[in-house]
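Please build the complete structure, drawing on both the sequences and the hints.
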Amino acid sequence: MSHEHRDDTGARFGMWLFLYTEVILFSGLFLLYGVAVTKYTDAYILASNKLNVWFGAVNTVVLLTSSLTIALAITAIQRNRIRTCINLCVVTIALAILFLINKYFEWSHEISLGIYPASETLLEMGPGVASFFNLYYFTAGLHGLHVLIGATLIGVVAVLVARGKVTSDRYVLLENSALYWHLVDLVWIFLFPLYYLII
Amino acid sequence: MSEEKHEPVPYRTFILTWVALLVLTVITVAVAQVDLGALNIWVALSVASCKSALVLLIFMHLKQETLLFKIGLLIMIVILAIFIGLTFTDVLYREVLP
Numbered sequence: 001m002s003h004e005h006r007d008d009t010g011a012r013f014g015m016w017l018f019l020y021t022e023v024i025l026f027s028g029l030f031l032l033y034g035v036a037v038t039k040y041t042d043a044y045i046l047a048s049n050k051l052n053v054w055f056g057a058v059n060t061v062v063l064l065t066s067s068l069t070i071a072l073a074i075t076a077i078q079r080n081r082i083r084t085c086i087n088l089c090v091v092t093i094a095l096a097i098l099f100l101i102n103k104y105f106e107w108s109h110e111i112s113l114g115i116y117p118a119s120e121t122l123l124e125m126g127p128g129v130a131s132f133f134n135l136y137y138f139t140a141g142l143h144g145l146h147v148l149i150g151a152t153l154i155g156v157v158a159v160l161v162a163r164g165k166v167t168s169d170r171y172v173l174l175e176n177s178a179l180y181w182h183l184v185d186l187v188w189i190f191l192f193p194l195y196y197l198i199i
Numbered sequence: 001m002s003e004e005k006h007e008p009v010p011y012r013t014f015i016l017t018w019v020a021l022l023v024l025t026v027i028t029v030a031v032a033q034v035d036l037g038a039l040n041i042w043v044a045l046s047v048a049s050c051k052s053a054l055v056l057l058i059f060m061h062l063k064q065e066t067l068l069f070k071i072g073l074l075i076m077i078v079i080l081a082i083f084i085g086l087t088f089t090d091v092l093y094r095e096v097l098p
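Chain order of the listed sequences is Y and S.
Numbering of the first sequence is given in our numbering, commencing with residue 1 and proceeding in unit increments.
Numbering of the second sequence is given in our numbering, commencing with residue 1 and proceeding in unit increments.
Keep in mind the hints are simulated off the structure, nothing from the lab.
Please read all numbers here as calculations on a predicted model, not as lab measurements.
C-beta: ideal position from N, C-alpha, C; glycine also.
One thing to keep in mind: the hints can contain errors.
Stated by the list, open to error - Pairs of lysine to aspartate or glutamate residues, derived as EDC-like cross-links and limited to a Cα-Cα distance of at most 20 Å, are as follows:
hint, chain 1, residue 1, chain 2, residue 2
1, Y, Lys50, S, Asp35
2, S, Lys63, Y, Glu4
3, S, Lys5, S, Glu65
4, S, Lys5, Y, Asp42
To be verified - Output of the computed footprint for chain Y on chain S, the stretches with three or more beta carbons under 8 Å from beta carbons of chain Y:
hint, stretch
5, 26 to 33
6, 39 to 51
7, 59 to 67
8, 73 to 83
As the list claims (entries may be wrong) - Which chain Y residues face chain S? A few, computed with CB under 7 Å, are given here:
hint, residue
9, Glu22
10, Val35
11, Val62
12, Arg79
13, Asn80
14, Ile189
15, Pro193
This is how it looks when you write it as structure tokens:
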């Protein structure tokens with residue numbers, strides 16, 4: 001019998017360490033926001049009102065629900081309900097795609113109004129509004145990239161579950177992908193009120 | 001590190017957490033419709049912190065993890081608080097200087 005090196009707790013802790021660096025990455029952007037909002041408070045409120053709260057609110061519900069489905073997928077695999085686990089992964093990916101479609105319509109609308117980095121409309125609105133939208137596009141864009149990566153990761157894990165490589169006995173890969181997905185949710189939990197809800 | 005298996009968290013716990021998160025979302029959107037001045041941002045951040053706590057402790061299984069995971073997160077939060085706090089000691093008092 002070959003002795004296999006395996007440390008699931010260590011693997012999870014490694015993932016948490018990586019997530020700390022992700023938090024630091026996004027915190028830099030939130031810090032820029034914090035500094036700019038104290039300098040250009042009125043312009044930030046004006047700019048925030050140009051965003052559609054409902055796009056943001058719907059996407060919040062979509063992401064919270066996807067966090068639920070991936071959390072349920074872990075319970076499913078622990079209970080050896082392989083079919084349920086795969087279905088929950090598929091629902092999570094579908095919700096991720098829904099989030100991105102919603103984002104596409106939101107950004108298309110804003111771009112049609114002439115609001116995009118370095119546009120003439122933004123230059124006319126002054127440095128405060130311009131800094132809000134530059135930061136908004138960069139933070140939401142980086143977050144969107146994470147949605148894409150997270151969904152891909154969950155897709156790969158779902159295939160491995162289907163092939164019996166990720167099982168009720170070893171599912172740390174699913175756990176770590178889920179942790180990444182929850183981080184995407186956590187970033188949105190702060191992004192949504194700061195960009196869409198300030199009045 | 002030990003290879004202990006976590007007990008599966010019941011579906012019910014996750015669904016209740018999700019309901020709580022939706023309720024908090026409704027609260028944060030509702031509060032944003034009323035002008036409370038500077039208080040708005042603090043309410044929004046408090047609600048966001050509560051939501052994060054739920055996601056971290058329950059969805060991310062932090063409650064079940066060993067002390068190491070909890071201390072790790074705490075250290076990260078302290079580091080965040082230091083670098084955000086120190087930045088603001090500069091930004092907020094910069095106008096005093098010529």
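Can you list which hints this structure breaks, lowest number first?
As far as the earlier hints go, 2, 4, 9, 11, 13 are violated by this structure, in ascending order.
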